[in-house]
Structures are given as C-alpha cells and as structure tokens.
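Engineer: Chains A and B, in that order, are what the protein sequence lines are.
Start counting the first sequence at 2; every next residue gets the next number (this note's numbering).
Start counting the second sequence at 9; every next residue gets the next number (this note's numbering).
Lysine to any residue pairs mimicking SDA-like chemistry, simulated, CA-CA at most 20 angstroms apart:
{"no.": "1", "chain 1": "A", "residue 1": "Lys374", "chain 2": "A", "residue 2": "Arg393"}
{"no.": "2", "chain 1": "A", "residue 1": "Lys374", "chain 2": "B", "residue 2": "Thr280"}
{"no.": "3", "chain 1": "A", "residue 1": "Lys374", "chain 2": "B", "residue 2": "Pro277"}
{"no.": "4", "chain 1": "B", "residue 1": "Lys323", "chain 2": "A", "residue 2": "Asp387"}
{"no.": "5", "chain 1": "B", "residue 1": "Lys379", "chain 2": "B", "residue 2": "Arg191"}
{"no.": "6", "chain 1": "B", "residue 1": "Lys323", "chain 2": "A", "residue 2": "His385"}
{"no.": "7", "chain 1": "B", "residue 1": "Lys29", "chain 2": "B", "residue 2": "Val443"}
{"no.": "8", "chain 1": "B", "residue 1": "Lys275", "chain 2": "A", "residue 2": "Leu394"}
{"no.": "9", "chain 1": "A", "residue 1": "Lys374", "chain 2": "B", "residue 2": "Arg270"}
{"no.": "10", "chain 1": "A", "residue 1": "Lys374", "chain 2": "B", "residue 2": "Leu276"}
{"no.": "11", "chain 1": "B", "residue 1": "Lys321", "chain 2": "B", "residue 2": "Asp288"}
{"no.": "12", "chain 1": "B", "residue 1": "Lys275", "chain 2": "A", "residue 2": "Arg393"}
{"no.": "13", "chain 1": "B", "residue 1": "Lys275", "chain 2": "A", "residue 2": "Asp387"}
{"no.": "14", "chain 1": "A", "residue 1": "Lys374", "chain 2": "B", "residue 2": "Ser278"}
{"no.": "15", "chain 1": "B", "residue 1": "Lys275", "chain 2": "A", "residue 2": "Arg382"}
{"no.": "16", "chain 1": "B", "residue 1": "Lys275", "chain 2": "A", "residue 2": "Glu400"}
{"no.": "17", "chain 1": "A", "residue 1": "Lys374", "chain 2": "A", "residue 2": "Leu394"}
{"no.": "18", "chain 1": "B", "residue 1": "Lys275", "chain 2": "A", "residue 2": "Ser375"}
{"no.": "19", "chain 1": "B", "residue 1": "Lys450", "chain 2": "B", "residue 2": "Asp388"}
{"no.": "20", "chain 1": "B", "residue 1": "Lys275", "chain 2": "A", "residue 2": "Arg378"}
From the structure, some residues in chain A lie toward chain B, with a derived Cβ separation under 10 angstroms:
{"no.": "21", "residue": "Phe381"}
{"no.": "22", "residue": "Gly396"}
{"no.": "23", "residue": "Val398"}
No wet-lab data here; the hints were simulated from the structure.
Here a beta-carbon is modelled for each residue, glycine too, at the ideal position from N, C-alpha and C.
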Amino acid sequence: MSFAGELRVDWATSLSLVGTVLKALTVPLVGTALVALWYREPLAPFLATAVLTLAAGVALERLDRDDLGIREGFLMVALTWLAIAVVGAVPFLVAGDGNLANPVNALFESTSGVTTTGATVVENFDAHGRSIHLWRSLLQWMGGLGILVIAVAVLSQLSIGGAQLMETESQTQDVNKLTPSIEATARLLGWLYAGLTGLMVATWLALGAVGLGPNVTLYDAVAHAFTAVSTAGFSPRAESLGAFSPAVQWATIPFMFLGATNFVLLYHLTRGNPSRMVNSDEFRFYLSVVLGLTGLTAAFLVASDQFTRFEQVARHSLFQVVSILTTTGYATVDFVDWSPAAKHMLFLAMFSGGMAGSTTCSIKTLRWLVVVKSFRRDLFREIHPDAIRPVRLSGQVVEEGVVRDVYAYVLLSGIIFVLLTVFVVTDAARVGLGIGEFEAMGASAATFLNVGPAFGDAGPFDSYDFFPATTKVAFILLMWIGRIEIIPVLVLLTPAFWRS
Amino acid sequence: MRVVIVGAGEVGSTIAESLAKSHDVVVIDIDSDRVESLTYSLDVLPIEGDGSDIDTLEEADVADADLFIASTDDDETNIVACGAANVVSDAFTIARVKSPKYLQAWQRARGAFGVDFMVCSDLLTAEAIVGLAGLPTAQDVDTFADGLVQMTEFEIPAESPVADQTVAEADRFDSLTFAAIIRDDHVVIPRGDTRLTAGDEVIAIGSPDSIRAFSSEIAPEEQGPEDVVIVGGGEIGYQTARLLEERGFSPRLIEQDEDRARWLAEKLPSTTVLNSDATDQELLERENVGMADVVVAALENDQQNLLATLLAKRKGTDRAITVVNTGDFAELFEAVGVDVAVSPRKATAEEITRFTRARRAENVSIIEGDKAEVLELEVDPDSVLVDRSIRDVAADIPEGVVIGAITRGDEHITPRGDTIVREGDHVVVFVDTEVLSEVTEKL
Chain A
2 MSFAGELRVD WATSLSLVGT VLKALTVPLV GTALVALWYR EPLAPFLATA
52 VLTLAAGVAL ERLDRDDLGI REGFLMVALT WLAIAVVGAV PFLVAGDGNL
102 ANPVNALFES TSGVTTTGAT VVENFDAHGR SIHLWRSLLQ WMGGLGILVI
152 AVAVLSQLSI GGAQLMETES QTQDVNKLTP SIEATARLLG WLYAGLTGLM
202 VATWLALGAV GLGPNVTLYD AVAHAFTAVS TAGFSPRAES LGAFSPAVQW
252 ATIPFMFLGA TNFVLLYHLT RGNPSRMVNS DEFRFYLSVV LGLTGLTAAF
302 LVASDQFTRF EQVARHSLFQ VVSILTTTGY ATVDFVDWSP AAKHMLFLAM
352 FSGGMAGSTT CSIKTLRWLV VVKSFRRDLF REIHPDAIRP VRLSGQVVEE
402 GVVRDVYAYV LLSGIIFVLL TVFVVTDAAR VGLGIGEFEA MGASAATFLN
452 VGPAFGDAGP FDSYDFFPAT TKVAFILLMW IGRIEIIPVL VLLTPAFWRS
Chain B
9 MRVVIVGAGE VGSTIAESLA KSHDVVVIDI DSDRVESLTY SLDVLPIEGD
59 GSDIDTLEEA DVADADLFIA STDDDETNIV ACGAANVVSD AFTIARVKSP
109 KYLQAWQRAR GAFGVDFMVC SDLLTAEAIV GLAGLPTAQD VDTFADGLVQ
159 MTEFEIPAES PVADQTVAEA DRFDSLTFAA IIRDDHVVIP RGDTRLTAGD
209 EVIAIGSPDS IRAFSSEIAP EEQGPEDVVI VGGGEIGYQT ARLLEERGFS
259 PRLIEQDEDR ARWLAEKLPS TTVLNSDATD QELLERENVG MADVVVAALE
309 NDQQNLLATL LAKRKGTDRA ITVVNTGDFA ELFEAVGVDV AVSPRKATAE
359 EITRFTRARR AENVSIIEGD KAEVLELEVD PDSVLVDRSI RDVAADIPEG
409 VVIGAITRGD EHITPRGDTI VREGDHVVVF VDTEVLSEVT EKL
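Okay, chain A solo, but in the shape it has when bound:
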C-alpha cells in the first residue's frame, strides 16, 4: 500500500508499547476478580476482560518496536488512554448491571475513570456490585499513576503547552534530577504515590478504629484512597463523602491537596527537605489560590445563611474548594443548592487545577502563574519599553517560547471549553432537553477539565445519565483530550504529523 509507505510515523512502535500496557492491565483485572470472589460476586466481567486485554496486548506487542521518537510518543500517549478506556468499559458491559449495560454509558464511566475525571452516569449505586465499584476506583488510581509517569517521562520531553516548564523549573530541583534515568524516576514516583494511598487507607481505618468514622470499612478506605490521591473522585457511595463523618471528611482534604502537589516536591518533603516546597513559586501560588477561594466561598456561604455552625462553614467550603480545584470531585454536601455566588467560586476553581507534575487535571497553577507573571511583565514594559525582563519561576528564567506555549494552551483550553458548551446546549435543544447556560458550562468544564461533578442535574449527588448520547460521546472525547493535555491529540489531526 503506497499510503503506508508515505507515513512518517512509526506507528508500529507506538502500538507495540500500547500492547505492553494492555498486557499489564491483566494484573489489576485479575486482582479485582479476586475481590469479586471474596464478595461472592460474578467473576466473569473481570476474567473475560483479562483474557481479552491479554490477547490484545500480546498481539500488539508483537509489532516491530523501535526507539520512541517524539511523534511516536504523542501517538502512544493518545492511544494508551483510549485503549485503557475501551478495555475498562468491558467489565461494565459484561456485568450488565443498571444503566452501565449501555455501551455509551460504559465507555463514559470507564473514560471518566481512567482520565481521573470522576463524572459518573451511575443512577442507582446499589445496582452494582462492590467489585464493579472497586473497578471504577481502580481505573482512576491507575489513571493517576499513569499521568504521573507520563507527565514526568513523556510530556515534559514533548514540549506540550508549556509542560516542559516542569522540567525548566526542575532543572535544579525537581523532576528529572531525581534520578538520572526516567525509569528509576517513574518507579520512585510510583512508590510515593502508593505510599500516599496507603497512608490514606491507614488514616481512614484509624479514624474508624477510634470511633471518629463509625461507618468506615476497609473497602471504603481503599476505594476512596484510590480516587483521592489520584484527584479523580469516584465514590462507591451515592452521597460521595457526605456519607462519612466530619472527621473523615477533614482527614481526606490533605490527601486531595497532596495528590495535586508536584510529586517531586513531595519526594523532597519525604526526604526531610521542605525548603524546596516552601520556596517554590508555584506551590505558594497553588496554596494561596486554594485559601483565597476557600475564604470567598466561606464568606458567601455565611452571607446566604447556608450553614449555622462555624465548623460546618469551614469544612464544607474548604472541602468543596479543594475537591473541585484539585479536580478530585468529591462532595460533602450537594453544592447545587448553594447560593449562586458560592457556586461560582467552585466554577472558578475548576479552571485552576493543582500543580504541574501531579495527578491533577485542568489548566494547572503552573500555567496560570506564568500567565500572571508574563502579563505583569507586559504591563511593566508599557512603562519601560526598552526593558528586558525575563519571566522567572522560583528564580529560574522561563524561555519566551515557553511563555508563548503557555498562552496558547490557556487560549486553546478556553476555546475548546466554549465550543463544547455551545455543543452541549445545541445538542440538548435538538432532543428537546432544556439545559441552562450555567449547567452546560459547568458540565463542559467538569468533563473537559476532568473535574467530575458540575451543577444543576449534573451535580455531585446526581449523574450525567440524562445527557443525550451524542453529548456523552463528546464528553468522552474531551475527557480524553483534556487529560493528556490537548496537544498530543490535536497534533494527530495535523497532516504534518503523519506525512512530513
């Protein structure tokens, strides 16, 4: 075929690597099957999927594998997430419980899982077994780990929308200097991630043991630890974190916060070196955005008499802001009922995201900080037109090309968000569904920026099930695009990627 001969992308290498990932997926599937066995639930959904993914993995892996170039890297990242989303949907289909028996719903749930979004279409939580709920959580935990490794090993090398900044900021301190090899670094981050998850399980169980979390079980602790540290947000409970005691809610906040903190800074923290974190411009910015929005939310909650006790105001505002800003998506209350002012603070938080180099999604504080600094610089240059003033992050100079990339990324995110909103509204009107502007904006941001719950009928205690299938497909695509930082997917659409 002459067409194939013209391709300049070594797609076989990318597919072969995807095959390796699919093969590895057998392990969590078999693990979940064991859990199903323990709870005397059907094993078929997981064992059948395990066989399927093993076969697909082995078949793809047999393709010729060469060194991974930039293009192959883009292709591999894009395909990996897509492939896991597809494989992840199979257990839902085989189990055939509730509305997840619908293929679009199954794919939505699985994509929302592996992209660590946390938007759910599940209407009746009791319709699904514990093993299926655990699979939802496990997908998110793997998605979080995957993005952490990919962010460090691949994205930072590919210069995506300023993602290479992570490397710049880290030249002296962070990511790549942890260890000389990418593999060793990835392993280190993996252990840190697992350690944080284990710590959260232990914390929940400890609270349960001392009577501060009466209904906490090992199952709850594990399922939530999987989705908190990955800043993803699925919960086996219909009321999300609202099902647990205030002490458990308080104890969960730090784990969401840390999950959205640059893991390299966390690594240095574990090494007894907190100065890196304290001196990081981005960390300070992240912390101040969290505290600032919490303060505003609390003020609006007080103004609208939403809660009576101070502890309630403090807990609910901090929990919701941290949950939405880190793109986790848990809720302790149904914030759909909050006053418009308080709700809009959460809407704003969706666009922030946590720090780069973490499991967080959205635009990320690193990019916003560059935007703020470079904008301030531009204002300074209005007054001193001859001045040369580099943008600096934690003292390191940010190259002008990177600043431009960051602007482009933020603009692109905005454009995609607006287009998606318009699509949601028009598609709903097509099928005669009345969806308000704010609901549509909320749902678009919550999916594309991988936050999870939105407002109105797509609120934290509701589901995305009511959206038309076409809208759900659009959400699926954009969760995928948003999670892997837009560019790896968009470049696949350019002819230059394939030909020149």
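Got chain A sorted already, so can you dock chain B onto it with the hints?
Structural biologist: For chain B alone, kept in the frame of chain A given last:
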C-alpha cells in the same frame, strides 16, 4: 627585593615606577617601542620578549626574583606567565586578570595555576564604584581589616556646613579620625584648630558607620542613593549591578547589545535591564535618568563614557561616576563635570603594590597620585608600637604619619593619645610618601 614585571602597559609601568626607587625591577614586554621608552623613563631593566616564554624568564633571572607580577592586558598570558615562573622560581607570583571567572576558579584553590595572588581588575573596579556610589562627595573609598575600617577621601563642597569649621568642630564622631587634608596638592596633617575650607580633600579613617554619618554631615541635603543607573553592561557594569543587588539596591542597567542585555536580565533578577543606546536622549528622557541619584558609566570606551555621563548630568543627575580606562584622563574628566573617575588600571596597580611593601602591608590605598598611602599593618613584636601608648610613639615616628584606626580581633578601637597598641593588632596608618620607607621599617 628583586621584582620581575611582565607587561609594561599602564598597570605594569605604574607599578614599576613606584618600585624603581627602592627595588631592583626588571620589566618584560613584547612590544619593542614600549621597552625602549621604558629604558629612558625609568631606572629599571627592560627586556623585550614574551613573558610566558621560559627563555625570556630565564633571561630576566626569574629564579632570583622575590616577586613576579604578570600585568599584561591579556588574562591568559598573565596566568600562563605565572605558571611558567612558578616552575623555575620560588618568587611570589601575582597575576592580573580582568574576568572574574579565573578569580572564581583560583579562589576555590588558592595557588592554582601557579598564581599566589590574583587581582581581578573588573571586580575591584566594581567594588570601588559601589563603595563610592553609597557615599555622596566621596572621591575614593577603600576598606581595611575585613571591612571593619574604611578609608574615604571626601571633597568638601562650597555650600557644605563643615566648610570653615575647625577639625575639632567638624569631628564629632567617636570612631573617626581625620588623617589628613590635601590642600592645593599638599598634604596637611590636621590639628584640632586646623580650619576646613571648601575644596579641601579630607582623608577620614574610621568605622563604616561613622564614615557614612560624616558623609551626610558634609552634604546633608544628599540622601543615601536609591536610584542607581548603570550605563554599559560589560563585565564592570555587570559586576557593579550584581554587587548593588547584594546590598539591596534595584539598579537600572542600560546595554545596547540585545543578546547581552538578555543575558544580563537573566543573571540579574532585581535589576531592570534596558536594551538601548545610553546616548539616546529620548531614552534618557523616557526613563527619567535625570532623576537618578547616581549614574555609573561603565562602557568600554572612555569617550562614550564621558558623553553618557555629561548627558546624564545635563538632565540633572546628582552624581556621575565614570570608568576611565586611560588613567591620564581621570583628572580631565573630573575637571569637565564627572564627579568621580575610577580607573580600573589604577585600582589594580594599587592592589598589587601592597605586596611590595616588604609584603608586610595587609592592604594599601594610594592617595592622590602617590602623595601618600594608607596602609594596614599587623603589629609584630619588633614594631615600635608594641605595648606603648600612641602619645609615646609619636616622638619616635616622623611627621606625616597618622594612626587612623586599630582593630583587635573583631573589635574596632579608635586611637587616642593614651591608647596602648598590642602585638597582633591591625593598624591602619596614613603615611606621607616622603617618609614611607622609614615608617614601614619602624612600625
């Protein structure tokens, strides 16, 4: 003492000139014209040749030399020459370098490259500029005893409140000594009743705080500088900005070359780097350079420096400090409106000269074209000073010598008639050149 000097440029010949009277000096230079002119002007042995060539060094009999000074305009030549001299001789080697990069390497391991002492002229110049920038009306600043003592030469302006006061009236600072007054090119050792007049240059020695206080008494309307503009981002300009940043200033730096300007902006986080021509009147207007407290001209070329400072002065800048590469221009520059002209070569020659004071002086500052020197000496057991009061010692040392400050450990002691000097103290003394050799022997 036998001294070999490589390079008969401004630095080399300045050093040769000051040493020729009392030492055996050999000067090596590659340029035959310079060698020839040296033959007639100074009582030294000139040799034509390459200072880094071992044959030339042997011809100069480096093996018998006590001091070897490499002071050409080329950093690498100087370092290599010291290295070569080190192979054939035990002489103490001094290399002059311009770029701080060699100094940084050398500071890691003193003695590296076979260099026993390295003088970085660009850094010295920047240090001098930063010292001057902080003190209005100061003409020369030098620090002694690890910064505990400062020597400053002030010019008394006509409108100054201390003009027409007696020294006793003007000196109200405990830790300050009026060492000397230079009046009409003569050194005057002040007494309590000596009257200060406008145009006098006062040499004050004391703690940095008291020097600053005295500076503001001379010119009370001048606040300490806040706004410093540096013109020219070469090595001196860069080092000046860097040192000012270290002292908490946020200077502005004008550099014409865009790549260099970008480099500077990346290296200097608190400095506003402007990429423009400093002689562009519009820029000076737009950036309000006239409002600046101090303008430092550190361009490569003397004429441009003069032009830039005169423009800035015309716009209203309070004080202009100019780097002057050709030392002879210094006086001319100061005559036409530059407040202070700083010569990197003079600063370098001064720094090197301290090693020739029988290598006893810890530090040296040369006053007004070699009229006098301020020396820092460590008091050894043979000194006439040991365990005696200043009043007693006065009888044994000639006129023209003033003990300006004493440091004992980290402590600053103001010398008064009854102060007893101990072994191991550091004394900072002002010495008239005429009695220099006699005094250095005794102290």
